[in-house]
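Chains as they are written, first to last, in the numbering used here: chain A, 41 to 505; chain B, 41 to 505.
Simulated from the structure, these hints should not be mistaken for lab results. Mixed in with the good hints, there may be bad ones.
A pair counts as met if it fits within one copy or between any two copies, since identical chains are not told apart.
Said to hold, decoys possible - In the EDC-like style, the derived pairs of lysine to aspartate or glutamate whose C-alpha atoms are separated by at most 16 Å in a straight line are: (1) K467 x E249; (2) K407 x D320; (3) K467 x E489; (4) K467 x D67; (5) K105 x D367; (6) K407 x E152; (7) K105 x D232; (8) K105 x E371; (9) K407 x D45; (10) K105 x E363; (11) K467 x E299; (12) K407 x D490.
Source: prediction; values computed, not measured.
Residue-level listing of the chains:
2 protein chains.
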Amino acid sequence: MLLDDRLPTPLYQQLFDQLRRGIEEGDHPEGSRLPPIRSLAADLGCARNTVESAYGLLVQEGYVKSRPGSGYIVQNVAFLQADADHSQAPGEGLLGADEDRVRYDFTYGNLEPGTFPAAAWRAITDDILLSVESTGCDAYNDPFGEESLRSAIAWRLATQRGIDCTPSQIIIQGGTQTSVQNLLALFDGSRDAVAMEDPGYDGVRTVIERARFTLAPCRVGAGAEVFRADLEASGARLAYLTPSSQFPTCRVMPIDSREAVLRWAERTGAYLLEDDYCRDFRYRERSLAPLASMDRRGRVIYMGTFSKSLSPALRINYLVLPEPLRDRWREAFANSYSPVPWLNQRVLARFMTDGSWDRHLRRVQAKNRRKYETLTRVIRETMGNDVEMLENGTGLHLLVRVRDGRGQDTLVRQARAADVAVYPTRKYWLDPAGHVSSTVLVGFSSIAEDDIEPGIRALAGAWFG
Amino acid sequence: MLLDDRLPTPLYQQLFDQLRRGIEEGDHPEGSRLPPIRSLAADLGCARNTVESAYGLLVQEGYVKSRPGSGYIVQNVAFLQADADHSQAPGEGLLGADEDRVRYDFTYGNLEPGTFPAAAWRAITDDILLSVESTGCDAYNDPFGEESLRSAIAWRLATQRGIDCTPSQIIIQGGTQTSVQNLLALFDGSRDAVAMEDPGYDGVRTVIERARFTLAPCRVGAGAEVFRADLEASGARLAYLTPSSQFPTCRVMPIDSREAVLRWAERTGAYLLEDDYCRDFRYRERSLAPLASMDRRGRVIYMGTFSKSLSPALRINYLVLPEPLRDRWREAFANSYSPVPWLNQRVLARFMTDGSWDRHLRRVQAKNRRKYETLTRVIRETMGNDVEMLENGTGLHLLVRVRDGRGQDTLVRQARAADVAVYPTRKYWLDPAGHVSSTVLVGFSSIAEDDIEPGIRALAGAWFG
Numbered sequence: 041m042l043l044d045d046r047l048p049t050p051l052y053q054q055l056f057d058q059l060r061r062g063i064e065e066g067d068h069p070e071g072s073r074l075p076p077i078r079s080l081a082a083d084l085g086c087a088r089n090t091v092e093s094a095y096g097l098l099v100q101e102g103y104v105k106s107r108p109g110s111g112y113i114v115q116n117v118a119f120l121q122a123d124a125d126h127s128q129a130p131g132e133g134l135l136g137a138d139e140d141r142v143r144y145d146f147t148y149g150n151l152e153p154g155t156f157p158a159a160a161w162r163a164i165t166d167d168i169l170l171s172v173e174s175t176g177c178d179a180y181n182d183p184f185g186e187e188s189l190r191s192a193i194a195w196r197l198a199t200q201r202g203i204d205c206t207p208s209q210i211i212i213q214g215g216t217q218t219s220v221q222n223l224l225a226l227f228d229g230s231r232d233a234v235a236m237e238d239p240g241y242d243g244v245r246t247v248i249e250r251a252r253f254t255l256a257p258c259r260v261g262a263g264a265e266v267f268r269a270d271l272e273a274s275g276a277r278l279a280y281l282t283p284s285s286q287f288p289t290c291r292v293m294p295i296d297s298r299e300a301v302l303r304w305a306e307r308t309g310a311y312l313l314e315d316d317y318c319r320d321f322r323y324r325e326r327s328l329a330p331l332a333s334m335d336r337r338g339r340v341i342y343m344g345t346f347s348k349s350l351s352p353a354l355r356i357n358y359l360v361l362p363e364p365l366r367d368r369w370r371e372a373f374a375n376s377y378s379p380v381p382w383l384n385q386r387v388l389a390r391f392m393t394d395g396s397w398d399r400h401l402r403r404v405q406a407k408n409r410r411k412y413e414t415l416t417r418v419i420r421e422t423m424g425n426d427v428e429m430l431e432n433g434t435g436l437h438l439l440v441r442v443r444d445g446r447g448q449d450t451l452v453r454q455a456r457a458a459d460v461a462v463y464p465t466r467k468y469w470l471d472p473a474g475h476v477s478s479t480v481l482v483g484f485s486s487i488a489e490d491d492i493e494p495g496i497r498a499l500a501g502a503w504f505g
Numbered sequence: 041m042l043l044d045d046r047l048p049t050p051l052y053q054q055l056f057d058q059l060r061r062g063i064e065e066g067d068h069p070e071g072s073r074l075p076p077i078r079s080l081a082a083d084l085g086c087a088r089n090t091v092e093s094a095y096g097l098l099v100q101e102g103y104v105k106s107r108p109g110s111g112y113i114v115q116n117v118a119f120l121q122a123d124a125d126h127s128q129a130p131g132e133g134l135l136g137a138d139e140d141r142v143r144y145d146f147t148y149g150n151l152e153p154g155t156f157p158a159a160a161w162r163a164i165t166d167d168i169l170l171s172v173e174s175t176g177c178d179a180y181n182d183p184f185g186e187e188s189l190r191s192a193i194a195w196r197l198a199t200q201r202g203i204d205c206t207p208s209q210i211i212i213q214g215g216t217q218t219s220v221q222n223l224l225a226l227f228d229g230s231r232d233a234v235a236m237e238d239p240g241y242d243g244v245r246t247v248i249e250r251a252r253f254t255l256a257p258c259r260v261g262a263g264a265e266v267f268r269a270d271l272e273a274s275g276a277r278l279a280y281l282t283p284s285s286q287f288p289t290c291r292v293m294p295i296d297s298r299e300a301v302l303r304w305a306e307r308t309g310a311y312l313l314e315d316d317y318c319r320d321f322r323y324r325e326r327s328l329a330p331l332a333s334m335d336r337r338g339r340v341i342y343m344g345t346f347s348k349s350l351s352p353a354l355r356i357n358y359l360v361l362p363e364p365l366r367d368r369w370r371e372a373f374a375n376s377y378s379p380v381p382w383l384n385q386r387v388l389a390r391f392m393t394d395g396s397w398d399r400h401l402r403r404v405q406a407k408n409r410r411k412y413e414t415l416t417r418v419i420r421e422t423m424g425n426d427v428e429m430l431e432n433g434t435g436l437h438l439l440v441r442v443r444d445g446r447g448q449d450t451l452v453r454q455a456r457a458a459d460v461a462v463y464p465t466r467k468y469w470l471d472p473a474g475h476v477s478s479t480v481l482v483g484f485s486s487i488a489e490d491d492i493e494p495g496i497r498a499l500a501g502a503w504f505g
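Isolated chain A (complex conformation) (with noise of 0.2 Å):
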């Protein structure tokens, strides 16, 4: 092994790759341990927290397990292999994957390098500091957001999206996760369960698992009226749900069960969670207004966030709580502060009411709509009769399912000898006899435009070429 400073590469880094590379082809085979932190900092010439790091890294990929007295012990990694989750660099997110070792990357969540309008940002952040504003970067601040951010959203709430609600109403929240965690603050653990799409989105069941609520899972995909029956069933004080197109499956929650559900929540005096995470994405023409809109009684709470169209790394979406969860939550955060940054709120709230918003908005809603129907087409002009596309003309993903019955990770490991990067979903299935095997997600939102056409032909050349 050999480490090289004058490169870009961070010499953890470095050693972490080199080390990564020697677990999977076998140099160090299952069960051997790493050398001494500090034998090979000495050997390579190199700081201890060099080595540290880059150990770090590879307990945080799952390649080694630390086991304090016997240092780092090389795991079996032939899953990971299987598994393209598991190819992601740190600081890529959980469903990012190395670029360096994939052409053709499939993966959701993260952004299209540039998306984020830097440019603009760069300017309001300027005149903000610049300005007499700028005092608001000295004091604590309001706990439920800036108030020129709320009154913000909550107008493009009113007015496009038929939600009445008012600033007051409005916390702004540093991404879907915290928001989930704070929310349960409300409730009690010991006895409240919380409902939640089966199979549903795993960032969310992780957050009500860790914090010790009882999960009650209704099953989507055979048929709302099995999910209405578990969601009866479950005795839920909160639910959690995603009807503009339920994750990961791209199934659109119809009318009459909107209606049902929310008659449930009126009648056990239950809260709905509306994960509106794919609002800003709608290639066709109709499509369903979201449940919050369609609330009378107060049962619902909206959740929305900026993770999709401006930045994941940005860290702030917003919840509208019902007034009198609102005052519950003012209650019990009474003592807390804002866990956004003042600065980054500020900034928002410009962004939003100077025209950027708009225009930005309408860039990349175009360039989306341009990436879905190329990805749509060449599936279906390449593998049109091998396999079923679910998807409801929104969002940034699609499920396709392989006709022959494949199972997932046949199908990923495929697709990775051709270059291409597809994604497993068992792990979006809480009861993992519900999950439907030959089906992989194909996300949209990171790669590149002119890349969705060729990668697509590779896929189809794997599995059925």
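With the hints as your guide, set chain B onto chain A.
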């Protein structure tokens, strides 16, 4: 009531101010109902949102209560006028005061306007958003935080605080409260008790209570023996401590207590959470190193902040976790993203490594030292025989105990009549019986240097003149 949209004050704030004054002056007596939102909006010719927001602020400030079905009911506000804590306007933080109303505000927490290094921050932000690095804006990032920032922090902890840790043990978080909230996810609220100093920082106490953990108070102030006995009896798995300067009493934990506390943790397998919130500000030669620097068995979780030196609105702090706990964190948050915006982390990392941090800290340290010296000198000069100061030559606040036994509400009220804000300490005590009644908190983080001497002279006049 009249609203004027040519004023710089937003309409909802104008309305809030007028209603608040009306309530304080008895125009709206306790138990009366505010006009319905729609009709007041119609009367004033403003939007419903404006009224809604103003009413929301009144609820937030405790002037009215919202009762579903019966509207907004005016509350008894006599206590609000006695308690300086409630004088804050929204957006000014929990201990912030309304500067329009108090000439000399000895609040604690918010920083003096101009503290935040806006020019340097702007230049670095510019540079990063112009560079290729800004592709980090488009991706979900490392859940532990940016490597560059973790390295910069680890290096300073090792070289300046005697804490031997690697970047892989550092987790970038969004403030003390969210850090503690996340840390508690590694423990089990149904089984694990959390020990906490009594008195102690109420912001952390709220988080522990909100997460439904059993809180075991450990008395400070009556001698280290009592504290140790309480800790021994607590059965806690985690103890929250401020050894360098106990909050709010400014006691420094003596060496033998430190050793006893470490031994307790080693023996019981508990963890100590050291909140070293005022490490950056020490005005005397001799001061004890952090508890974490004495820790040989990995029992101390170290927590550091940028809120006192840089900006409370930045919402960045960090935890240093012992390795086994770090691994537990990695597992619990495997499916989570960093809660802190990427850009802010990158800018701070650059700020800490390009020389800006050292310059900034020297400037703030020098200023706070002058403020501390003026404050203690003038208190001695004007009230030397009548009061006792509780302080240890660190931090940004001290306690003043009046020897004649007057209650703290009286002290706060008398100060307020002379246009001076000092703060009651009652809320820091979990057990009100232990509370030292004639003691108030005097902070100097926010007041201008030149206001300290006249402010303390006005206070002395109000109390003893």
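Would you list, in rising numerical order, the hints stated earlier that this structure does not obey? 3, 4, 7, 9 and 11
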